[in-house]
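Participant: Build the complex: two chains, separate frames, hints provided.
Those sequence lines, one after another, are chains A and B.
So that you can map any letter, position 298 of the first sequence is 298 in full-length UniProt numbering, and since no number is skipped, the others follow by simple counting.
So that you can map any letter, position 249 of the second sequence is 249 in full-length UniProt numbering, and since no number is skipped, the others follow by simple counting.
Hint data in this document are derived by calculation from the structure and do not stem from the laboratory.
These figures come from a predicted structure and were not determined experimentally.
Even glycine gets a Cβ: it sits at the ideal position worked out from N, Cα and C.
Treat the hints with care, since some could be wrong.
[As the list claims (entries may be wrong)] Label pairs and their in silico Cβ distance ranges:
#1 B:Lys246 - A:Lys547: 17 to 23 Å
#2 A:Glu396 - B:Asp259: 56 to 62 Å
#3 A:Leu586 - B:Ser261: 27 to 33 Å
#4 B:Gly193 - A:Pro610: 53 to 59 Å
#5 B:Glu41 - A:Gly386: 43 to 49 Å
#6 A:Glu575 - B:Ser122: 43 to 49 Å
#7 B:Pro38 - A:Glu433: 53 to 59 Å
#8 A:Glu433 - B:Val69: 53 to 59 Å
#9 B:Pro38 - A:Met385: 39 to 45 Å
[Claimed, not checked] If you want the footprint, here are the derived chain A segments under chain B, 3+ residues with CB under 8 Å:
#10 558-569
#11 580-589
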Amino acid sequence: MDLFEIRGGTLDVIAEEAEHQDLSRNSTIMADREARATRGVSTYQRFSVDTNESLHFEPCEDSLPSPTPPEYELDDDNVFKEGETESEIVTVRNQLQGKVAEMENFAGHLEEIFLTVEENFGRQEQHLEQHYNDVLLTLSQRYDERAAGLEEEKKGKLEALYKQLLGCGRAMDASKELIETAQKVYRSQDKRLFLKAVMPTIKRIEDFAKEEVVLTLSTSLEFNTPLSDMSDVKTMMDSINVVPAPSAPVINPQMPNSASQTSLRVCWSLFSDDTVEYYELYYRPVLEDTPADSTCAPPVSKVKVKETHCTVADLLPNAQYELWVTATNTTGISPASEKALYMTVPSPPVIKQRECTSCPEAALIRWESGNTNPVDSYTVDLSEMGTDGTENAITESIVAVPTCQCLIQLQTGRRYLISVRAVNIGGPSDRSEVITVSTTGTLFYLLEETAHSCLSISEDGFTILYGDEELPISAMALDDNNTFSRCVAVLGDLIPVRGRHYWEVEVDDGTEFRIGVASEETERNSYLGANNNSWCMRHILTPSRHKFEFLHNGWSPDLRITVNPVRIGVALDYERGTLSFFNVELEQHLHTFQCIFQSYVQPCFGLDNPGALTVHNGIEAPEYAFI
Amino acid sequence: MSLTQVSSNKCAGGFQKVFEHESTELKCKMKFAVYLPPKAETDKCPVLYWLSGLTCTEQNFITKAGSQVPAAEHGLIIVAPDTSPRGCNIEGEDESWDFGTGAGFYVDATEDPWKINYRMYSYITEELPRLINANFPTDPNRMSVSGHSMGGHGALICALKNPGKYKAVSAFAPICNPLQCPWGQKAFSGYLGSDRDTWEAYDATVLASSYSGPPLDVLIDQGRDDQFLSASQLLPDNLITVCSEKKIPVVFRLQPGYDHSYFFIYSFMSDHIKHHAKFLNA
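Extracted from the complex, chain B is given alone in its bound form (with noise of 0.2 Å):
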C-alpha cells in the first residue's frame, strides 16, 4: 500500500495535501485529500472524514468547503476521499450524474457489474483507515464521520453501522432515507438489486429505528431553501421521527435562506468541527 503524493499546499498553519495509491477494495487508483493540521506535526491527532456528494471528487471540500482553519484550530486530521471508483471502464458508469461514477452510494455493490469495484463502504470504512494510520500521525481510537448529502447518508449510516467506531457524526442536507426518494431507490436498485430488504442495510432511518450502541450526538444542518429538500430527495423529518422515538439524540438546524451548495456547507462548517473536536478531542 504505498502512497504517492499528488500535492501539497500550506494552509492554516497545517497543510493541504493529496495523495494517490492503488485501491485493494475498488480495484483501481484512487485519491484522497488529507489535511495535517499543525499539531500534526508533533503529535497524534484524531482523524475526521468527510464523504462528498454526488458528483464530487476529492477536490471539492479542500477548495470550496472552508475546513482547514477549524481543523487547525481543534488540531483535527481531515480525510476527503473521493465519491467513486474512478477509471474502471464500466459500461453505463458515466450515463448519470446521480448514478456511478461520483455516485458510489457508500454501498458495497452486490450487482453486476459494479460489485467487483464499487465497494466505497468498505473502502471507507476499512481500507481507509487502515492506510491513514499506516502512513500518518493518528490516532487510531479517535474517528469521526460527517459528510454532505450522499456523503451525509454515508457518514450517517457508517456510525450506525459500527456502534463505537466513530466517536462523532454530523452531516450536512443528507439524504435520510434513500429507500423513499428517487436517489436512493435509483441507486441501491442498481447496486443492490430489487430485493429492497438488502436496502435497509444502508438506510439511516431504518439503521436509526434499530440502533443500539454507544450513544451518539448527532447534528445535521440543512439549508431551507434547498432544492432537493423541496424535492424529497432527503426526507430529514422521517430520520427526526425515528430518532424521536428511539431516543438517538439528534439536533436538526433548518437553516433559513440557505441551499445545497457549498457556500451553506462553508457557512457551518465550523460549527461541525467544533462539534467533532468536542468528542474527538474529549
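One chain only, chain A, in its complex shape (with noise of 0.2 Å):
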C-alpha cells in the first residue's frame, strides 16, 4: 500500500473528472463520490499534475481562501480563454479542497490500517514461533521417552538371552561332563567298575537325552513397537494453523456517570494478543430476591459487538444488572469473564410542592424518591433568579442528602429555582421538575390531615370551610388521631426555623374564628387556646356586640376593640417569644402575647360556627410588625 501512489492515482481522478471526460473511466469509490460533488460544475479548466505552471487568477471583491496545494496546477491560458465566471472557479477550488481532505483522512485511515495488520501479522508469527517450538518441544520428549524404552527393552532381551546362553552353557557343560563320564566309565578296565557305574551313568544319559533341550529363544528378537500417541501433538500441529480461540476478557468496573436512567455503558479489554471477530455480552438483572434454585432467575439477554465496548439500553431504573462477555473467533468463543455488578442510573424524584415551606431565610423542600428500590442518596440544586426573571446557572448544590427533604438556608428577598436528583452508584439522574421558592415572607400550606372532619380546604389549599350540611355518621367514626376532634381547626406547616414569621388570615364580619398558634403536639380532642400549648385570637358574635379574646390555657386578657378586624395579621417573633395580632387594614396592633416558646410552633385555624377564613402568606412583614 502506497499511499503516495493512491494520492497520486486520486489525483488523476481529478484531472480526468475536471476535464469532463468519461467518468466511467476509473470506477474507485472515490471517483464516485467526487462525480456526485461536482456533476453540474462545468468548468473547463485544466489540472495537469505535470505542469509547473502555478494557479492564476484575476483578482476579485471578496477574500478567497487560500490557494490549492502546490500538486494541482492551472493551465492559465485556458482560464482566460473561456472566459468562466468567478464563482464557478471558486466552487471548484473549494470541492477540491474538500477533496484533498477528505483524502487525507482516507490516507490517514488506511495508513492505520496498514499498521493494524502489521501489527497483527507480527503477533501472528510469534504465535507460529512459539507453537513451532512447542510442537519440537513435545516430539523431542516423544523421542526421548521412546528411545529411553527400547534401550529398555533392548536391555531386557539382552540379559534373557544371556541368562539363556549361560542357560545353554550350563547345560552343555553337564552333557560333556555325562560324556566324559561315560567315556570314562566305558574307558574303565575294571568291569566289575564298570558295571557298578554304568546302569546309573545310562540312566542318567538316558535322563538327560529325556530332557527337552528348549532351543527356543527366550525372548522375541522383535521389539515391541506400540503406536506412539501422536494424537496431542497432531492437535498441535492442527492449532498451528488455526487462530486459538480468545482467553476470557476481563470486564470493567462501572465507571461514574457513564449510566443514564435506562442505559448502561460496559466496557472491557483483552489482555491478550488473541484475535478477535465479536464479543457477546450478557446481562441479566439482578433481582432483590433470587431463589435458591435458578429456574426462576430472570432471562439473560445478549447482545453482539465489534468494539470493546458497548451500551445497553431499555433497561429499567435504578436496577441492579449482571454483566459478563464473552469473546469469539473463527476458532470458538472465549470463557466468559468475570461477572461485573452494574447500576443504572435512579429516576429523577418528585417534589412535593404542598408539602414544601419557606421563610425569608431559609426553604424547606420535600419529595418522594420517584423509585421503587432505595438510592443511595440525594442532590438538591438550587440557581437564583435574576431579576429580570432569567434564571442563572445553578449556584448551590447540596450533595448527599439522606433523606426525602432538605432544609436550605437562603437570602432574603430573593428567588431561587430548586430541583433534586436520586443518586446511586450508576450517578445523578435527571433533575426533578423545578419549584419555585421565594424568600419574601413566610410560605406554608395546611396540613390537611389535620383538619377537622367537618372542614374543607379549597383547591389552592388557602381557604378553610366550615359547611352548614351535616356530617355524615361514617366520617365522624374516623377515629383519628391526628385530626381535631371537637374544635374545628386545622394546623398549618410552618418552616421549622426560629425567626420571625408574619402572615394574615381574612375573614368575614361575621366569622367567629380562632386564629393563632400552636405547638404540633396540641390535643386534637381540645379547643384552641384552651391548653397551654396554643395561643389564639377569637371572635364571638354575641346578639349585643362583637367580643375578642386572646386565649392561651383558656385565659384571656379583658378587651374591647372598636374597629372589627376583618384582615388580621399574625407576627410571631420565636426570638422575642412575642406572637402579635394586627388590624392589617388599619396598622392597628391588637395584642401581643408573651410565651417562650419551647418546641416549634404551627400557625392554626379554626372556625366556631359556619364560616370560611382565608390564609394569606408568602407576604413581606410590614415594618410595625416587629417592632
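Facilitator: Below you can see the structure in the form of C-alpha cells.
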C-alpha cells in the first residue's frame, strides 16, 4: 500500500474528471463520490499534475481562501480563453479542497489499517514460532521417551538371552561332563566298576536325553513398537494453522457517570494478543429476592458487538444488572469474563409542592424518591433567579442528602429555582421538576391531615370552609389521632426555623374564628387556646356586640376593640417569644402574647360556627409588625 | 420666652430636666419636665406630651411612671407639664383637690375668676409646643399626646379637637365622658358655666361622635380594680360605644387587679411608648 501512489492516483482521477472526460474510466469509490459532488459544475479548467504552471487568478471582490496545494496546477491560458465566471472557479476550488481533506483522511485511515495489519502479522508470526517450538519440544520429548523405552527393552532382551546362554552353557557343560563320565566309564578296565557305574550312568544319559532341550529363544528378537500416541502433537500441529480461541476478556467495573436511567455503558478489554471477531455481552437484572434455584432466574439478554464497549439500553431505572462478556473468533468462544455488577441511574424524584415551606432565611423542600428501590442519596440543586426573570446557572448543590427532605439556608428577598436528583452508584438521575421558592415572607400550606372532618379546604389550599351540612356519621367515626375532633380547626405546616414569621388571615365580619399558633402536639380533642400549648385570637358574635378574646390556657385579657378586623396580621417572633395580632387595614396593633416557645409551633385556624377564612402568606412583614 | 433650668439628672442614658418659664397663656410661672433621650444629642426627636391627672405636678410622672427607659429606647422626647396654673392667688383655687389648683381639666375657662389664668387647653396645644420646638432638638411635625385620668381626658380631647396634629394618642384610665360624671360636671360648670353645650367641646365621647379627620389609633388601659371606675367617674363604655359606631379604632384593655395609681401606669408605660413610637418613628 503505497500511500503516495494513492494520492497520485486520485489526483489523476480529479484531473480527468475536471476535463469532463468519461467518468466511467475510473470506477473507484473516490471517483463516484467526487462525481456526485461536482456534477453540474462545468469548467473547462485543466488540471495537470505534470505542468509547472502555477495557479493564476484574476483579482476579485471577496477574499478567497488560500490557493490549492502545489500538486494542482492550472493551465492559465484556458482560464482566460474560455472566460468562466469567478464563482465557478471558487466553487470548484472549494470542492477540490474538500476532496484533499477527504483524501488525507482516507490516507490516514489506510495508514492505520496498514499498521494494524503489520501488528497482526507480527503477532501471528510470534504465535506460530511459539507453537512450532512447542510441537518440537513435544516431539523431542516423545523421542526421548521412546528411545529410553527401547533401551530398556533391549536391555531386558539381552539379559534374558544372556541368561539363556548361560543356561545353555551350563547344559552343555553338564552334558559334556556326562559324556566324559560315560567315556571314562566305558574306558574303565575294571569291569566290576564299569558294571557298577554303567547303569546309573546310562540312566543319567537316558534322563538327560529325555530332557527337553529348549531351543527356542527366551525372548523374541522383535522389539515392541507400540503405536505412539501422537494425537496431541497432531492437534498442536493442526492448531498452528488455526487461530486459537481467545482467552476470557476482562470486564471493567462501572465508570462513574457512564450510566443513564435506562442504559449502561459497559467496557471491557482483552489482555492478550488474541484475534477476536466479535464479542458477546450477556446481561440480566439482579433481583432483590433471587430464589435459590435458578428456575425462576430472570432471562439473560445478549448483545453482539465488535468494539470493546457497548451501551445497553431499555433497562429499568435504579436497578442492578449482572454482566459478563465472551470473545469469539473462527476457532471458538472464549470462556466468560468475571461477572460485573452495574447499576442504572435512578429515576428523578418528584418534589411535593404542597409539603414545601419557606421563610425569609430558608426553605424546606420535601420530595418523593421516585424509585421503588432505595437510592444512595439525593442532591439538591439551587439557582437564583435574576431580577429580570432569567434563570442563572446552578449556584449551589447540596450533596449526600440522606432523606427525602432538605432545609436550605437562603438569602432574603430573592427567588430561587430548586430541583432534586437521586444518586446511586451509577450516578445522578435527571433533575426533578423545578420548584420556585421566594424568600419574601413566610409561605406554608395547611396540614390537611389535621383538619377536622367538618372542614373542607379549597383547591389552592388556602381557604377553609366550615359547611352547614350535617356530617355523615361515617366521617365522624374516623378515629384519627391527628385530626381535630372537637374544635373545627386545622394546623399549618410552618417551616421549623426560629426566626420571624408573618401571615395574614382574611375573615368576614360575622366569622367566629380562632387564629393563632399551637405546638404540633397540641391536643386534638381540645379547643384552640384552651390549653397551654396554643395561643389564639378569638372572635365571638353575641347578640349585642362583637367580642374579642386572646386565649391561652383558657384565659384571655379583657379587651374591647371598636373596629372589627377583617384582615388580621399574625406576627410570630421566636427569639423574642412574642405572638402579635394586627388589624392590617388600620395597621393597628391589637394584642401581643409574651411566651416562651419551647418547641416549634404551627399556625392554627379554627371556626366556631359555619363560615370561612382565607390564609394569605408569602407576604413581607410590614414594619410595624416586629417593632 | 426664656427658660430657666430647675434641675437636670442623667437618666437611662439621657437627661431628665425640669424647666421654669413665664407663661403667656396662664399668666404665671410654670414648670414642666422634659426628658431628652440619648438620640437627642445628635438628632431631632419626636415629642410625646404627657398630661398628668388630678393633684399632680410635673414631678409625679418623672419619678413614678418609668417612662425614661422606653423613651430612651425609642428616641422620644417626653414633655410633662404641670396640671394647672400655680400661685395665681385665685379665691377658692385650693378648696378642692378636684377643682382649681392641680385640676385644670385642660380647658380654656370662660367663667370668672378662672378665665384669666385657667387656659390649660391653649397652653398645652399652642404655647408649650412652640416653646419646646424653639428650645429643644425636636421634629415639630411629629408629636403625640398621652395622659392619665384627667390627663387622659386631656389627651383624648386634644387629639380629637386637632385632627392630624397628633400622630398618636393613648390614655391611662381617662375620664372619657366628663359631661356624665361628677368630676366633669363640677369642673365644667366651674370653668365653663352652666350651658352644657359649651361643655361638649371638651368631652371626648361627644367629640368622637363627630370626629372627622385622619385615622386615629387609640390605646387605652384601664385598671379593673380602679375605685374611680366603679365610682362611675371614668365611663369608658360610653366612649367605646361611640367609637364602635363611628369606626374610630380603639383598643381598650381592662387590666385585672390594677388600680388608679402610678403603679398601674408604670406597669403599662412601655406598651404605650411603643405604641407612640410606632407612629412617631414611622
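Participant: Evaluate each hint against the coordinates.
Facilitator: Each hint tested on the structure:
1. B:Lys246 - A:Lys547: 17 to 23 Å: Given range 17 to 23 Å: holds, Cβ gap about 19 Å.
2. A:Glu396 - B:Asp259: 56 to 62 Å: holds (60 Å)
3. A:Leu586 - B:Ser261: 27 to 33 Å: Taking Cβ atoms as reference, Leu586 (chain A) and Ser261 (chain B) lie about 32 Å apart, which means the hint holds.
4. B:Gly193 - A:Pro610: 53 to 59 Å: holds (57 Å)
5. B:Glu41 - A:Gly386: 43 to 49 Å: holds (44 Å)
6. A:Glu575 - B:Ser122: 43 to 49 Å: holds (47 Å)
7. B:Pro38 - A:Glu433: 53 to 59 Å: holds (55 Å)
8. A:Glu433 - B:Val69: 53 to 59 Å: Cβ of Glu433 (chain A) to Cβ of Val69 (chain B): about 54 Å, so the range 53 to 59 Å holds.
9. B:Pro38 - A:Met385: 39 to 45 Å: holds (43 Å)
10. 558-569: holds (count 6)
11. 580-589: holds (count 5)
Against the hints set out earlier in the document, no violation occurs for any number.
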